[in-house]
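Participant: Take a look at the letters that make up each chain.
Number of protein chains: 2
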Amino acid sequence: MIARVHVTIKRDVLDPQGEAVAGALRSLGYAEVAGVRVGKLIEIDLGATPPEDARERVDQMCRKLLANLVIEDYRFEID
Amino acid sequence: MIARVHVTIKRDVLDPQGEAVAGALRSLGYAEVAGVRVGKLIEIDLGATPPEDARERVDQMCRKLLANLVIEDYRFEID
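So the sequence lines, in the order shown, correspond to chains A and B. Quick note on the working numbering: the first sequence kicks off at 249 and runs consecutively. Quick note on the working numbering: the second sequence kicks off at 249 and runs consecutively.
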């Protein structure tokens, strides 16, 4: 069972890494780039965890370690 | 139009950041964690780019800047 966690910077928080990537893309000739946000994609191999437990456990992992809830949002899917 | 690019480390390449996250999760009591891989999630706002051009342009961006094809894979969706 694999959990895929997407951690993204909240809309109203500045993302300097995204700004740098947007600037680099524009300087490469991609003038259509209006903005870039860079987040994390965390894949967790949960072994044989029962599906009914996995959702609650992964949600806890996000809150305790994987996301900084002050400046980041998270969402995940399990399959 | 938004492109969501997922950049992940290839399966056979060591991922020290993922190892560190896996170790931290286990030390928090999540013994079921068998492994973690950490990648990037890059959201690109493409403004009013015509959909028929967007796929090819984003694929180029990935190859030129966003992914290091020696050690990383990428995939993206556009909507």
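Any given hint might turn out to be false.
One copy or two, either will do: identical chains are not told apart, so a pair holds if it fits within one copy or between any two.
[To be verified] With a straight-line cut-off of 30 Å between C-alpha atoms, the simulated DSBU-like cross-links for lysine-lysine are:
id	residue 1	residue 2
1	Lys312	Lys288
2	Lys288	Lys258
3	Lys258	Lys312
In short, the hints are calculated from the structure, not lab data.
Participant: Hint by hint, say whether it matches the structure.
Facilitator: Hint check results:
| no. | hint | in the structure |
| --- | --- | --- |
| 1 | Lys312 x Lys288 | both (16 Å within a copy, 20 Å between copies) |
| 2 | Lys288 x Lys258 | both (13 Å within a copy, 16 Å between copies) |
| 3 | Lys258 x Lys312 | both (18 Å within a copy, 27 Å between copies) |
In this structure, none of the earlier numbered hints is contradicted; all agree with it.
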